[in-house]
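Protein chains in written order, with our numbering: chain C, 10 to 503; chain L, 43 to 291; chain G, -2 to 411.
Possibly wrong hints are sitting among the right ones.
What the hints assert, rightly or not - Partial selection, computed: residues in chain C whose CB lies under 10 Å from chain L: (1) D39; (2) F40; (3) K43; (4) Y92; (5) K447; (6) A449; (7) Y455; (8) S462; (9) L479.
Stated by the list, open to error - Just so you have them, the derived chain C footprint on chain L, three or more residues with Cβ under 8 Å: (10) 47 to 59; (11) 83 to 94; (12) 99 to 107; (13) 218 to 225.
Simulated from the structure, these hints should not be mistaken for lab results. Here a beta-carbon is modelled for each residue, glycine too, at the ideal position from N, C-alpha and C.
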Amino acid sequence: MAAVTETLDTVQSVTQSGYKWGFETAIEMDFAPKGLNEDIIRLISARKEEPEWMLDWRLKSYAAWLTMEEPRWARVDHPPIGYQDLHYYAAPKKKAGPKSLDEVDPELLKMYEKLGIPLKERAILAGVDPDTVENTQIAVDAVFDSVSVATTFQATLRKAGVIFCPISEAVREHPELVKQYLGTVVPTADNFFAALNSAVFTDGSFVYIPKGVRCPMELSTYFRINARNTGQFERTLIIAAEGAHVSYLEGCTAPQRDENQLHAAVVELVALDDATIKYSTVQNWYPGDANGKGGIYNFVTKRGACRGARSKISWTQVETGSAITWKYPSCVLLGEDSVGEFYSVAVTNNHQQADTGTKMIHVGKGSRSTIVSKGISAGHSNNTYRGLVRMLPGAANARNHTQCDSLLIGDQSGAHTVPYIESRNLTAKVEHEATTSKIADDQLFYCRQRGLSEEDAVGLIVNGFCKDVLKELPMEFAVEAQKLLAVSLEGSVG
Amino acid sequence: MLDIRGLTASIGDKPILKGIDLTVPAGEVHAIMGPNGSGKSTLGYVLSGREDYTVTGGSAMFNDADILAMAPEQRAAAGLFLAFQAPIELPGVNNANFLRTALNAIRRAHGEPELDAVQFLKLARAETKRLAMPDDMLKRNVNVGFSGGEKKRNEVLQMAILRPKLAILDETDSGLDIDALKIVADGVNALRGPDFSALVITHHQRLLDHLVPNRVHVLAHGRIVRTGGPELAKELEKSGYAGLIAEAA
Amino acid sequence: MSTGATGFLQRYEDAVGRLPGDSALRAAAAAAFREAGLPGGTQGRRIEAWKYTSLRPVAEANFQVSPRHEAETLLSGLTLLDAPRVVFVDGVLRGDLSVLPAVSIARFADQPDFGTLTWPDREPMVALNTMLATDGVALNVPAGVDGGIVQLVSLSGGQGDFHPRHGIRLGKGASLTVVEVAAGQGAYLLNTVAEIHVAEGAHLTHIRLQDEATTAFHVSTTYADVQAGGTYDSFTLNLGGRLSRTEVHTQLSGPNATAHLNAAQILAGSQHADFTTVVSHAAPSCSSRQTVKNVLGGRSRGVFQGKIAVARHAQKTDGYQMNQALLLSPDAEVDSKPELEIFADDVKCSHGATVGELDAEQMFYLRSRGIPDAEAKSILVRAFLAEALDAVANETIRGLLETAVEQWWERQKA
Ligand SMILES: Nc1ncnc2c1ncn2[C@@H]1O[C@H](COP(=O)(O)OP(=O)(O)O)[C@@H](O)[C@H]1O
Ligand SMILES: [Mg+2]
């Protein structure tokens, strides 16, 4: 209740329209020269002070990438990307890596403050219930262009046995864990963008929750693209050992620019027996202007492996940003009775294009998956749900339920649904439902008769439409997400 | 309060209202009766500004303002409330949320401070209690999964919270049991005062027993064919509309 | 005779000049086919429209002109309606076996009109047909006329490949019921293309019963264009064939047009059947309905791909699609891709899909009443199919289809 009403206040207080996160931060940067070749990869590896094996891994990925082609099956359209025209490394200039927050460039701290990201170590009172304060603490890893600038609450987490650090640090400090898991969920040559990421990834988060540990707070990474002509290639690896529990949040913004910027991340999750990983994203990269100029190309590979019995991976995403979104957070359900979930809201407006969905690959007996996707298309945008549910021969008694709803606002946008359902086990059950509709005139009239403006009425009805997904988000994120929905749809009615 | 002159309106090319003259002075409750399809709901929709209805002539002044020129939400802010004959479902939209958003929109329009969540809940709970409605009414999604009677009661709850100056109740009593009927009547009576008027569309004398209207109008074929005191409703209850309409034709 | 795409192309080269009809169209089709090849016939290129079906076995087969077979015996073994029939043997119209209908009929060979509706450059098998077609039937029902029922019977044998080309034209307000029956013996390929024009207010009922030899290949592509207020009401029952692909493209071109694309596929052994449809809503206020059922035993594989496409101006579209699969065996496989592509906002479009086995509780209930396992299964399967079959309004025709299902069921027991 509190979250929801607070949201409405905030929605109403958002008076200025457009993208609020589009400012640029003037920071002295250290760039790699433009272009991609083995030397650049060696340079990235050297800057990160990586061991030899990591460099080899990158070079192999690069060799694979050279033989691959950009995927063309998605319903997205863009001019050719000049891969040789990007900086593959950009980092704020610094002396040594910041050991504590006091060493972080004050300009950077100011920027994160402006974005509302709590880098200061203090409890964040988001809820009203003081008993839950402990749980509403959030540890943050902030990634600025190519590097992690700060990770908070490290000490508290270390006490619980949790490792939460930039992946570049993990490569140095926990090589055995990284070696064991990196690239095992998303192989280096999985697809064009994953291969590219494997070659040039610069930073991202690493999380390891040991056996039986319930992570004492929400973990979160905040991604910010700031520099011009740079790609962001972060890599996240989360491992939940037997019986471990973790909730991880991810947020992203970028300055407002006329050029398109590439973001090609890879996220790998591994859940062992009885482990649970909840991964929530509020994606708000700069979407481009009203005429479709500029904006981020968000080409992301996210996959989780439920390796253990009764393990569970739950993806929740609210996608409002990016000029193009190409993203299918997936679950490979290997363990017996393992559970995969995908809850998604994707909003496109103006000239945005989104092709997003999930894959649920059922391998293990009794594995279950749930897919709830809500797509909202406004303006001249195109919004596609693309999803695969595959029941392999061993997936006895496996279950899937999919609900896929699209809402069209205005008559210049497109809403598309492309599910693939494949079953090779007779005891497996799949149910899929999809609908497409618009906001009914009588619903709008009803709200307006009660005094709501048309825009508020649309916001309210859209939030209602997305409720089944929004309720899956941690409360702080739900508030943020609801605001975003309203802001993203500004100017789409009337 | 409300002054309608020569109002004509159509849906598409089909004329529905064919010249309505109706004045409801401040502080009065008027009943509108009439056979199915005569245009009663249409009158309510036209006054509240539903889009598929085109006003083709006449005027409607509400406290000296031309309401026909206003957007639906402006009419609501001016104090007009329509209890829908068939209330609309809003999946996923929480009832309390909806009401608070509406109430604050109207307060904003009047330059009044908005209510925060706590203030609002206090007010809403008081009203649900007064109307003998279960508290969980506020938690549920607007009209979703409500029974017919619950939907009607929800309309009355909304009216009680939004405190309009003019309430149009479109068959809010239809399909209600005797207790619920009393709730509707209490809802209206509670608002009664020198600054409140109501247009009550109904088929039943029973509601009028509780409300005691100042005037009763009979609408047939898009025109008001007869106006009288409360006794007219009783007469209609006995003799039906047929005679009246034939007489008017 | 050589095999694969080159074999077909060679045959075209040999016959070019002797083929009836527009030679430019044939040449363009040949060029398209040369470019595309048989779907799945060559390694590498993946065509989304053929995601779940590969014609590699067709590419590898060695088709050859076969000796004349006893078509009469095949024909007498078929259950047909007491209605006019046009019989094709190995793709060639056989007047002696036919009972010609009252409606105007012409042979493709005499009056070859290649259609405006087909897309040989998009559909390789249509290119192949366009390149090699020599016979087929053109049915024309004049405005306002009820053409009754016409059966189109195809009997094939040996190891030949046949490419019949049909055209059906209904004038304004006309009506017609076409019942296509395909059967045969051998390892042949039947690759039919039909072009259908349904004018304003006309009504075509199109029933397809595919009961080919389980060693045969069956490919059938239909294009239907439906004008304002017209109806294309089709039902496909796929029982036979080693590998079959039924592809239907329906375009609703005028307001208030209607399409029903219902189907059932019942497979056993190592059969593979693919039912692929596209309904294009190109005008406002049209409606489309689809119920598609797959019943899959043995090591069979059933495929359904169904796309509802709604153009920008096709407001008030009402599109619905239901697709259900029942797996009867641990080795059966189903692949389903229901798809919505929507560019208009004021529409009501939805689809649903389910995959599963027979309901264990229902089975138990029947068996607890003394019904043996196999019979209980058959009762529940028929109940499952009924929902699709019920869409066939004509009782006699529905009876014919039910009989075919019944016979199929008997054959499995044997
Ligand atoms: N959306 C509509 N389109 C066409 N006619 C309508 C529509 N809504 C109502 N009508 C017609 O308008 C007339 C008046 O309807 P209504 O105002 O609902 O009557 P009442 O409320 O008195 O029963 C009826 O004849 C009804 O059929
Ligand atoms: Mg009415």
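Worksheet item: Okay, which hints does this one fail, numbers in order?
Response: 1, 2, 3, 4, 5, 10, 12 and 13
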